[in-house]
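Protein chains in written order, with the numbering used here: chain A, 1069 to 1394; chain B, 1263 to 1718; chain C, 6 to 301.
What the hints contain is simulated information worked out from the structure, not anything from laboratory work. Owing to the predicted nature of the structure, the values given are computational and were not obtained by experimental measurement. No residue lacks a Cβ here, since even glycine has one placed at the ideal position from N, Cα and C. Among the hints, erroneous ones may be present.
Claimed, not checked - Chain C is nowhere near these chain B residues, computed Cβ spacing over 12 angstroms in every case:
#1 Phe1406
#2 Lys1419
#3 Pro1473
#4 Ala1590
#5 Gln1714
As the list claims (entries may be wrong) - Derived DEER-like restraints, expressed as beta-carbon distance ranges:
#6 A:Ile1188 with B:Lys1623: 24 to 30 angstroms
#7 A:Ile1374 with B:Ser1269: 57 to 63 angstroms
#8 A:Lys1136 with C:Gln135: 28 to 34 angstroms
Unchecked claim - With a straight-line cut-off of 30 angstroms between C-alpha atoms, the simulated DSS-like cross-links for lysine-lysine are:
#9 A:Lys1285 with A:Lys1238
#10 C:Lys71 with A:Lys1071
#11 A:Lys1083 with C:Lys71
#12 B:Lys1717 with C:Lys71
#13 B:Lys1657 with A:Lys1136
#14 C:Lys131 with C:Lys100
#15 B:Lys1343 with B:Lys1392
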Amino acid sequence: MSKLIVSPNPHIHSKDSTRSLMLDVVIALVPAVICSVVFYGWMELLVMAVSVGSCLLLEWAITRFMLKKNSTIGDLSAVVTGILLALNLPYNTPWWVVFVGAVVAIGVAKMTFGGIGQNIWNPALVGRVFLLVSFPTYMTGRWAAPQGLFGADAVSGATPLGVIQEGLMKGSTVQELTSSFDYKDLLFANLGGSAGEVCALALLAGFIYLCVRKVIKPWITLSIFGTVALVSLIFWGIDPSRFTDPLFNLLTGGLILGACFMATDYVTSPMSLWGGVVFGVGIGFLTMMIRYFGSYPEGVSFAILIMNSVVPLLDRWFKQKKFGRK
Amino acid sequence: MSKHTFSIGGVHPHDSKISRDCSIQPLPLPPTVYLSLSQHIGAPSKPIVEVGDKVKVGQPVAEPGGFVSAFIHSSVSGTVKSIGSRKDLAGNPQMCIEIAVEGDEWAEGIDTTDTLITAIPEDNKAIIEKIRLGGVVGLGGATFPTHVKLSPPPGSKCERVIINGCECEPYLTSDFRVLLEKGEQVVVGAAILAQVMGNVPCTIAIEENKPEAIAHIKEVIVKLGYKGIEVMPMKMRYPQGGEKQLIDAVMHRQVGSGALPISEGAVVQNVGTAIAVYDAVQKNKPLIDNTVTITGECFPRQANLLVRVGTPLQYILDYLGGIPEEAAKVISGGPMMGKAVSNLEAATLKGTGALLLLTEKQTLRAPESNCIRCGKCADACPMGLEPFRLNRLAKANDLEELENNSVQDCIECGCCLYSCPAHIQLLDNIRLAKAAVLGAIRARAAAAKAAQDAKK
Amino acid sequence: MSIIIWTIVVITVLGILLALVLYLVAMRFKVEEDPRIDLVEKAMPGANCGGCGFAGCRAFAESAVKSGSLDGHFCPVGGNDTMSAVAGILGYEVKAQAPRVAVVRCNGTCSARPKTNTYDGYPSCKVKAQLYSGDTACSFGCLGCGDCVEACQFGALSMDVETGLPVVDQEKCTACGACVKACPKAIIELRPMGPRGMREYVSCVNRDKGPAAKKACANACIGCGICVKTCTHEAIVLENNVAYIDASKCKLCRECEAMCPTGAIHGVNFPKPLDKEAVKTRIKERQLKAKEAANV
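Model the full assembly from the supplied sequences, consistent with the hints where possible.
The structure is reproduced here in C-alpha cells:
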C-alpha cells in the first residue's frame, strides 16, 4: 500500500465499456458478414476490408492530426461503421467508391459533429445514401453474376424492389412480378441488393444475440417490423395488384439490416422506451410511403435518416416514468 | 426464484460475499477510543463528561444537541483524555471524545448475559424512551436517530414495519451473520418495533443469496411463536436495501418525492437497528458496538468482527494483519455507496458496517469518453431519473431544469456511474447539483414561510 | 413578358403587405424603455461576468438607471474609467475605488505539501471538497483541480504544473470575483492592487494548530504570531491560528515577511528583492532602542 486512492462512490464498475458494447455489435454482425462472403466471394471480402480499414484510418487520422486528441479507434465504433457500410454496398463496388463512402461516413457524418456520441445521423447510412445519390450506377444497376465462395448458385439482377418498380412502370401487376421470387430465397439468400441483405436469418441471429446480451432493446426493431407489416397489409388488402404484400416488404430492401442494426444505433436513436416505439413506427411508415409512392424503390435508409433528425425531439417528449411521481 | 423486487431500474453487481462463512468474533479492546460527536444525522451531541472523568462501558458521555440527535455512550471503561477536534475518515475535523481504555467495567443496570428475553414491556412510550436513552440510530447507512423515526408526525399511520435484511451491497456480510447468529434477537427486536408502531404486521426482507438466513429466521419466528412477523425472500438486485425501493418491493407503494416512508404507511429499520433496539429495550444496553465486515479479495484475513464504537480503523486492520501491499483503497461501507477512507487514524462510528479493501485494478476509474447515448444509466436508475441529462444540466448549472428533471430525488446509489460504458462520472456532478437544488428548495420554503409569518 | 410583369407585381404587393405586418406588430409590442439604459449598456465592457452582482451588463444598466444613484453599483471589470463614463451618461456621482486583484492564498506547492492520498474522481474542486478534505494532510489548502481557472472568463488564471497551484495574471485579472465564488476552500481573495502593484499578504489559510499545519505543509502559516508582534502598523491580526494582513493598514515595510519563519507571507511586485538579514537587524536595533527607552 502506498497512497490510498480516494474517490466518490461507487467504487466498482460493471464490465461494460464502449469497446465491449461495440465488440458485441461486431460479433452480432459476424454471421451476416460470413454469409455475404460465402455468397458473393472474395470481392465482398475486399469491399469489407477497404471499408473497415478506411474507416479506422480516417478516424485515427482525424482525431490525431485535426482534432489533436487521443485516438478513439480503440472503442471499435469505427469498425462497426465500416462493417455496416460494407454490408450496405453491393459486393462489386469499386474500392475507391467504398473509400469515398467511408470519408463521408466517418469524416462528414461522424467526426465533424465531434466524434462518437455526437453525430445526429447514422454514419454508415449517410455514407451509403451519399453513394446512392452520387454513384447510382455502382450502387444499383451493375449486378453481375457473383462468384460465390463455394460456387454458390447466385443469381444476378436488379434488387427485388427495383424489379417491382420497373415492372409496375411497364404495366405489369405485382402478382406477376412477385411470382418470380421464391420467399425462401429471400430468407436465406437474397437476390441482388446490398451484401448485407443476403441472408435474413443471419441478421436476425445477430439481432437476437444483441437483445440477449442486453446491448440493445428490441422495441425499435419490433415496432419497425410491425408498422411495415401493418401498412403494407392495409395497402395490399386494398389493391394487391399495385401494392406488394407484407412478407415481401419485410424480407427485402435491407429492412432487416436497417431495423436490426442501423435504427438501433445508440447515438442516433431515442433513449426512452416510448420514444423508441414512436421512432420505429415513424421509420416503418416512412419506409412504406417511400416504397409505394416515392421515386426510389428502397426507402429504409432515407426513413432512418429522417427519423434520426427527430430524435432530439423524441428525447424531449418521452421521458422515463419517475419513481413516486404521477 | 422470488419475484419480490422494486419496479424501476437497479443493477446486479457480482455479490462477492467472500466473508459470509466467517462467524462474528469480538475484536480485542483498543488502547484508546475516539467517540465522534456527530455519529448520526442531525445536530451534533453535546459532551456531558469532562477531561479526567472516569467512565464505564455504556455510560452516556454526550447528550442530544437537538430533537434530531442522539445520546452517545462510552464504548469502553477508562479515563476521558481529551475533548477536541480530530480528523474523521475524510480528513475533516470533527469534535471527538478521546477515552483511554482501562479494563472493561460495565455501567450498572446493563444485562451482559446472553439470556434471550422475549417478554416485551407493554408501555410503548417507555420503549421509545429506552431506545432514545440507548442512543440507537439507524444502522442501514443514514444513521437517522431511531426514536425520531418511531415517533411519526400526528395524522400519519404506520401499516407495516419492514426489517431490512437485504444487504444488497456486494461484499457486505455483517447483516447476514447477525441474522444467522443472533436471529432470535433480531426477531424480538422486530416484534418490539411492530408493537411500538401500533401492533402492525412486520416483514423481514432478506435477499435470496442468503438462503441459510431465510431458513433460520423462519424457524425462529415459528419457535418464538410470533404471528404478525413474516420473512420475505427478495430477488437479488441493488439497491434493494434503499428505503424507498424496499417499500416498493414489499408493499408495492412508491413514496413520493421528498416524502417520508410513513406517508405510505411504512417504517423501515435495518437488521442491525433491530438488534440495537433489542439490546436497548430488553437488556438496557446502549448502542456501543456493532458488527463490522472486513473484507476484500486482496485481504487474506476476512472477518466479521464485533467492534466497539470509536475503535481506530488502523487498529482493526492491524489486528487482522495490516493492509496488504496491493490494496489501493479502503472503503467504509460497501463498494456501491461506501465512503473512501483518506485517514486511517479515524475511528469507527455507530454506522460503520464494513471496511472493504480494493486493489487498484478493481477500483481505479477508467478515463471518461463521450456519451454514446446508450441509455444504460437511465435504465439503471432506481428513481427513474435520466442521469445523462442531469449530468449535462449539472455541468451547465441550470438549477431550474435540474429541479424539473427531479435531481432532488437522486438517492446517490451509484447505479448510473456503475453501468456507464463510457465511464462518465455521472454521480459526482449530479450529487453536487442535487445539493444545490435541495438548497434552493429549502431557501424557497423558508422564504415562503417568512412571507406567511409576515402576513400574520 | 406577362410572366415578368406578374412576378414583379406579386413580389411588390407581398413586400408591401409584409412591411405592413411588421410595422403593426412592432407598434403592438413596443416596449417603452429609458434610452439611457442602452447608452449605459454600451459603455459597459459587455463581459456579462456578473462580477458586479447583477445578472449581466444589461441588468446592471437597468438597475443603475432606475436606482437614481450609483451606490452599490461598481463594475470591477471596467473599473473607474467605465464608472466615470456611466456617471457621465446618467449625471450621477461616482466614488473612485482602488483597483483590486485576485490573490491566491495558498502556497502549498507539491514539494512543500506532500500528498497523502490520490484522488480518483471527477476533476473538480467542488466535487473533491464535498468528498473529503483533500489529497494532502492540509484540509484547508488548494485542491488543485482548477475550478477557478475554469470560472475565469478573462483567461487571467492558469495552473502552474510544477506547484499545482493557480497563478493570477494581474494584467488580465479584472477582479470580477468569479474565482472567489468558484473556490470551495475560500482561498482566493480580492485584495487592493497596491501602489505599482506592490502588495503584502499571508499566503495560507490553514486554521490547524502550528505543529499540525507545519507537518502538513512546509509553507504553512503556523499561527506563531511573530508577524503580529513585528508589525508597527497594527495591520496584522491572528485569528484561528492564521495571520491576516489588512491591506488598508499595511505600509508595505516588509518586516513581517522577513520575520516569518515559514515564508508564509508574500510580497509581490517590489522593485528590490527582500534583504531579510538587513530588515531583521533593523528590527532588532529598533526593539533594543525601545527597550532602552522603556528602561530610562
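Hint check against the structure, violated hint numbers in rising order | Those not satisfied are hints 4, 6, 7, 9, 10, 11 and 14.
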